[in-house]
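S.K.: Those protein sequence lines, which keep their order, are chains A and B. Residue 50 in my numbering sits at position 50 of the first sequence, with consecutive numbering throughout. Residue 175 in my numbering sits at position 175 of the second sequence, with consecutive numbering throughout.
Heads up, a few of these hints could be off.
[Claimed, not checked] Label-pair restraints from in silico Cβ distances:
| id | chain 1 | residue 1 | chain 2 | residue 2 | range |
| --- | --- | --- | --- | --- | --- |
| 1 | A | K328 | B | H107 | 39 to 47 angstroms |
| 2 | A | K37 | B | K263 | 29 to 37 angstroms |
| 3 | A | T49 | B | N234 | 33 to 41 angstroms |
[Unchecked claim] Dumping the calculated DSBU-like pairs for lysine-lysine here, alpha-carbon to alpha-carbon at most 35 angstroms:
| id | chain 1 | residue 1 | chain 2 | residue 2 |
| --- | --- | --- | --- | --- |
| 4 | A | K172 | A | K72 |
| 5 | B | K158 | A | K175 |
| 6 | A | K182 | A | K140 |
| 7 | B | K262 | A | K172 |
| 8 | B | K138 | A | K182 |
| 9 | B | K233 | A | K172 |
| 10 | B | K135 | A | K138 |
| 11 | B | K140 | A | K175 |
| 12 | A | K172 | B | K140 |
| 13 | B | K262 | B | K241 |
| 14 | A | K255 | B | K241 |
| 15 | B | K263 | A | K37 |
FYI, nobody ran anything at the bench for these hints, they're computed from the structure. Being a predicted model, the structure only gives us computed values, none of them experimental. Note that CB positions come from ideal geometry on N, CA and C, so glycine has one too.
Protein chains: 2
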Amino acid sequence: MPQLRKDPIIGRWVIISTERAKRPKDFSLIDTSPPEKECPFCRGKEYLTPPSVYSLEDEEGNWQVRVFSSLKPFLEEEKEFWKKGRGPYDLMESVGSHEVVVETPFHIANIADLEVENIQKVFWVYRERIKALEKDEKVKYVLIFKNYRWEAGGGRVKHARSQIIATPVNLKRVKEELEGAKFYYDYHERCVFCDMILQELDSRERVVLEENGFVAIVPFAPRFPFEVWVLPKNHSPDFYKISWEETYSLAVVMKKVLEKIKKLLGDPPYNYMIHSAPFRRFYPGYWSTIEEDFHWHIEITPRLTQVAGFEWGTGFYICPTLPEEAAKYLREQKV
Amino acid sequence: MPQLRKDPIIGRWVIISTERAKRPKDFSLIDTSPPEKECPFCRGKEYLTPPSVYSLEDEEGNWQVRVFSSLKPFLEEEKEFWKKGRGPYDLMESVGSHEVVVETPFHIANIADLEVENIQKVFWVYRERIKALEKDEKVKYVLIFKNYRWEAGGGRVKHARSQIIATPVNLKRVKEELEGAKFYYDYHERCVFCDMILQELDSRERVVLEENGFVAIVPFAPRFPFEVWVLPKNHSPDFYKISWEETYSLAVVMKKVLEKIKKLLGDPPYNYMIHSAPFRRFYPGYWSTIEEDFHWHIEITPRLTQVAGFEWGTGFYICPTLPEEAAKYLREQKV
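Could you build the full structure based on these sequences and the hints that come with them?
M.R.: Structure follows, in structure tokens:
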């Protein structure tokens with residue numbers, strides 16, 4: 001029986017199409033990568049990439065996680081920052097930055113296969129880069145995301161990495177979430193994410209795991225099959241205020257979730273992205289409640305299906321797996 | 001020099017990344033379709049699909065365009081219509097419909113390859129189905145779209161067809177456009193699309209073609225490389241009010257644009273979608289100006305690149321081709 005479900009945060013309707021229900025092994029995608037040449041991300045090949053802007057070393061002083069500016073940046077810093085209008089259009093040039101985080105010196109493709117201590121360092125590096133990039137007052141948002149495998153936009157080199165983009169504009173998706181969270185807060189005087197976590201922990205039907213202050217759930221109205229959100233149980237709007245100890249707990253949970261996805265779905269392409277509040281709280285109407293109404297989290301979206309024109313043009317997604325079944329599969333998958 | 005551009009209608013920012021500029025022949029996608037079996041959409045194979053709910057015949061009385069209910073519908077009509085809440089969540093079941101429009105009795109894959117008179121009939125059928133579906137008062141929106149080729153969500157059978165979905169909710173993308181158009185109208189008391197058309201016809205740099213009352217442009221801030229919008233030059237909020245003569249002009253323009261895309265970009269997968277105003281004008285605050293503020297149009301999006309996690313999570317797209325160059329290529333492509 002197909003269902004329509006509405007994401008309670010940003011108001012997006014999703015069809016849960018059980019008529020097209022798929023089980024984990026029903027999905028397939030073809031990897032068209034050519035055989036690999038020299039990997040520029042391995043230890044000893046640093047000369048193939050720009051110099052590090054930040055790195056974390058192990059006890060022997062060798063880098064374990066390193067960050068450099070992208071060779072082909074989406075955004076770039078120029079001497080002068082300018083906005084202009086042209087007729088009805090707005091234009092902005094040459095601001096922001098785009099960095100690559102190499103997550104391991106070894107030739108390992110999936111962050112799920114790294115040690116927890118290594119994954120912890122990756123999240124710590126995210127935090128440190130956000131704090132550094134925030135100092136530039138032109139930067140409004142810092143986006144952390146991962147594209148794993150070519151089909152998820154991840155390039156052809158099979159070495160674990162993620163990306164950091166600092167933008168001079170607030171992102172549409174983030175704005176939508178902020179607006180939704182604010183709308184809910186104005187009525188209930190509670191955080192919609194906190195309420196959602198309580199609801200999920202009561203029913204448990206969409207909980208994948210709950211551990212060390214974090215919870216992983218399949219959202220009520222996911223855009224994609226086997227989509228998972230990881231949230232801190234304690235309210236906090238800002239990812240970058242996470243402590244060193246908390247990054248360890250987060251690394252444990254992320255490793256388990258990503259291993260479950262890997263094993264259950266046959267090492268599929270996926271994306272993850274950190275949704276955190278903008279650090280400049282000057283949104284009209286928002287600054288006064290954003291501390292209480294927004295809740296940082298990570299969204300993980302496996303790439304299992306073709307995305308049709310329908311989704312593109314409408315913001316109306318078709319998810320072919322019941323969220324409760326996806327959560328059950330993931331919960332029961334051993335790692 | 002990368003640029004940030006903001007869509008003046010819905011406020012979406014796009015990066016125009018000229019550092020990653022691609023020319024038409026730089027794009028490629030792999031078609032993984034297996035050899036075809038029997039085509040259920042050809043004349044004589046009607047028994048392989050549900051019965052027609054509507055069709056247009058040629059002079060000999062043979063169908064030229066036919067519509068039937070999808071065998072695997074995204075949405076379906078049930079006896080009872082219900083909405084319910086569960087904790088913080090909203091749920092709606094079993095409403096709406098999903099139809100398939102077979103655009104030709106012959107085994108031709110791309111609508112661009114049909115005769116203008118045939119394409120005209122396809123658009124006329126869209127119009128007639130919208131008018132019929134509108135009569136159900138539970139239907140809030142009727143969406144017309146095409147997924148051409150597997151990579152664009154189009155299935156594996158290479159026979160030209162499009163889809164019609166009637167939904168009981170208003171679509172996010174449509175809402176966003178309505179809100180943007182209304183916001184502009186409230187200030188200027190003019191239609192933002194009309195203003196955009198004037199601006200484009202003045203500068204001509206993003207015009208692909210202008211003919212018989214229609215204009216095809218590459219938008220100022222496209223989501224995808226070689227994205228094209230087709231708009232009627234005369235203001236009208238509703239596609240379904242198009243006349244028989246106007247569907248001919250539209251068919252001429254659509255055939256040319258789609259042929260240009262086919263020849264220039266090597267017969268790529270693409271999607272198109274009709275954006276029309278909702279026929280129920282009871283949006284709070286909208287009903288009074290929607291006649292003047294909204295302007296129906298068709299958005300055509302070739303599928304030339306992988307979509308990365310960045311786009312998914314942010315509503316912030318990366319388009320690797322300068323719109324003015326894309327328009328020039330398309331304008332100069334002979335058909």
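S.K.: If you check each hint against the structure, which ones fail?
M.R.: Numbers 3, 5, 10, 14 - these are the hints that the structure violates, sorted from lowest upward.
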